[in-house]
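A.B. asks: One letter stands for each residue in the lines below.
2 protein chains.
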Amino acid sequence: MKKHYLLTPGPTPIPPEISLKEALPILHHRTSEFAAIFSDVAEGLKYVFQTRNDVLILASSGTGAMESSVVNLLNPGDEALVASCGNFGERWVKILEAYGIKPQVIAAEWGDVVNPAVIEAALKANPKIKAVYTTFTETSTGVANDIAAIGAIVARTPAVLVVDAISGLVSQEFLTDAWHVDVAVCGSQKGFMLAPGLAFVSASEKAWKLVEQARLPRFYWDWRKMKKSLATKETPFTPPVTLIVALQEAIKMIKADGIENIWKQSSLLARAARAGMKAIGLELFGQRPCEVVTSAKVPEGMEGGKIVKMLREEFGVSIAGGQGALKGKIIRFAHMGYIGKADILVGFACLEMVLTKLGYKLEKGKAVAAAEDELLKG
Amino acid sequence: MKKHYLLTPGPTPIPPEISLKEALPILHHRTSEFAAIFSDVAEGLKYVFQTRNDVLILASSGTGAMESSVVNLLNPGDEALVASCGNFGERWVKILEAYGIKPQVIAAEWGDVVNPAVIEAALKANPKIKAVYTTFTETSTGVANDIAAIGAIVARTPAVLVVDAISGLVSQEFLTDAWHVDVAVCGSQKGFMLAPGLAFVSASEKAWKLVEQARLPRFYWDWRKMKKSLATKETPFTPPVTLIVALQEAIKMIKADGIENIWKQSSLLARAARAGMKAIGLELFGQRPCEVVTSAKVPEGMEGGKIVKMLREEFGVSIAGGQGALKGKIIRFAHMGYIGKADILVGFACLEMVLTKLGYKLEKGKAVAAAEDELLKG
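Chain order of the listed sequences is A and B.
In terms of the numbering used here, the first sequence is residues 3 to 380.
In terms of the numbering used here, the second sequence is residues 3 to 380.
Chain A with its partners taken away, still in its complex shape (with noise of 0.2 Å):
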């Protein structure tokens, strides 16, 4: 009888109106009807990602998208930049040296974000890099890389720009085209409000080109064939049907919504997440947060994992914690996708009652207060 309340980076709630959808009788994929549908949902997916490429739809986790981002460009001995602020920027460095690819590494310390003109200068110190690869919202940490900034750098040389646009995407204003976004990788568990179990990525005329030539080894991820299948409606090998007949319901939301009050509504959760944080004392983490994800620092003495716990099995309402160096030293809020403002306030009102038993001294009600302040100001 355990009431759940989903406030994680992915998977995120998904709305009824969308479960459901899953659970319709399975259609098969090769009818007209299933054709119908992936033709909407091809073109849906331009409208969100904001691009006039088209937009390839895998049956994967989102990091198989990622690899399919190094394999479809690359050449062996390629050179590539990988532009790291986190533990998904680290994922590009783990796939390339999977690959034979030994990229040269920014790494910005876990928490700031990615500096522009250090990516300019390495690409002017070695103009043979072919790709640069980067993470837009990094969620281990809570951050937002500034891509337009990015873009307009790499737009200017011959390298693409991938990014790993998987958890912002969606929730947070992101312009592939405008931005000069080679590539752009999302995944079906966060804004998209799915269940885990598709990717996406969308690719440029310039990645195209590298893709005609790219000689590392490729079946599954083979972007050929996921374009080919985009204008025959045939997919190279059967789909993830229900999942792809939730996502048509999923677009269909996002667009009556207007993608940009979706991101309007994410950035104003963000702002009562953070001032939910510091009302009670809890000191935010990261330069430059981004607006699906609100990250704050565990008090002094304490074990993030068992804020963590105890929300969860005492109250139902799941969070994140940590990952790698920052484990049991943050705690992390998501506002993206499904969940809503009255979510926002569950969470700070479970946390106070968390905090306040394992010894922390606030005033109850402080933090709910301080984000109900930010979410009347709309």
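Rather than coming from a laboratory, the hints here were simulated on the basis of the structure.
All clues stand as given, with none of them false.
All copies of an identical chain are treated as equivalent in the list; a pair is satisfied when it fits inside any one copy or across any two copies.
Subject to a maximum C-alpha distance of 27 Å in a straight line, what follows is the list of computed BS3-like cross-link-like pairs (lysine-lysine):
(1) Lys96 / Lys211
(2) Lys235 / Lys96
(3) Lys331 / Lys308
(4) Lys96 / Lys227
(5) Lys208 / Lys126
(6) Lys311 / Lys227
(7) Lys4 / Lys235
(8) Lys211 / Lys132
(9) Lys311 / Lys235
(10) Lys311 / Lys230
(11) Lys235 / Lys308
(12) Lys235 / Lys257
(13) Lys331 / Lys311
(14) Lys331 / Lys366
(15) Lys311 / Lys368
(16) Lys235 / Lys331
(17) Lys331 / Lys227
With chain A's structure known, arrange chain B on it following the hints.
C.D. replies: For chain B alone, kept in the frame of chain A given last:
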């Protein structure tokens, strides 16, 4: 208002008990609740696979799991053998070639099965062959290879046997360990009665030895990460949570029926399907028919695609046509997973009407009666 009847070899119909599980509020994957489900499912998969080895869980189509069985076992320059008899056998060749492995190919005619003696001779002639890739039920033609015989042969050599059992495992008797199958690959959308989006791989000790030495590039497909996740109950990447929750229900249902009874049921339906086809003069296609799908030749002068289309559009009955060279030449009725006795009868009744409309001479009710006769023998 159109009612659909799915008699296709994947996706197959999903029981409401399972699809409603998919629609439940999503769990976070880093929780004790999900860890318990993940463990339970991992144990249950061993029963379904009839193996004592771990069964790995992948977020992909079945083809992704096939690719993982190439990159986790081989080194550049290794020798491999593919024993193929249809579309899915040929897929092994394409995947291997994508990774620069030029396999020796034993290709039986489409409709025939692989001759185990030919595999034996090939292994004798070339003791450097490291892996033999083949297919259990080749649904593109409707035949089943004799994996028990092939397994006994390969077990006496240093090579490992890798079997694409995507469409057959669960529904037709498949004894991973007893038949000496080193690697068995399966997908979620066939006998498991789930939506597509999950795939499974079991690996023997002999296979794991190769995994440790394998040097083909891999990140997302790396079995070592997946094996570790079985121990820690923490998946390396966000798993398809809703599908895994639904899988738990599917395995519960499979266990409740008893897997031997599921095998018997498919076998009975296969006999009924074969009898129905023959009763109206349709010639069965393929040697050694499998028990998950029945193929019959399209009557002379008729276009198979028309039968498939008319069945779907006029009666909501989805069956499969031919693939590749068999396009338009065969029709295929699936009988696995949540396809029951009555569904087969619906299929034949509607097929009788469609063939009649297309000008084929038959006595209405004859296919249904012949299928009934077989079903009554139980």
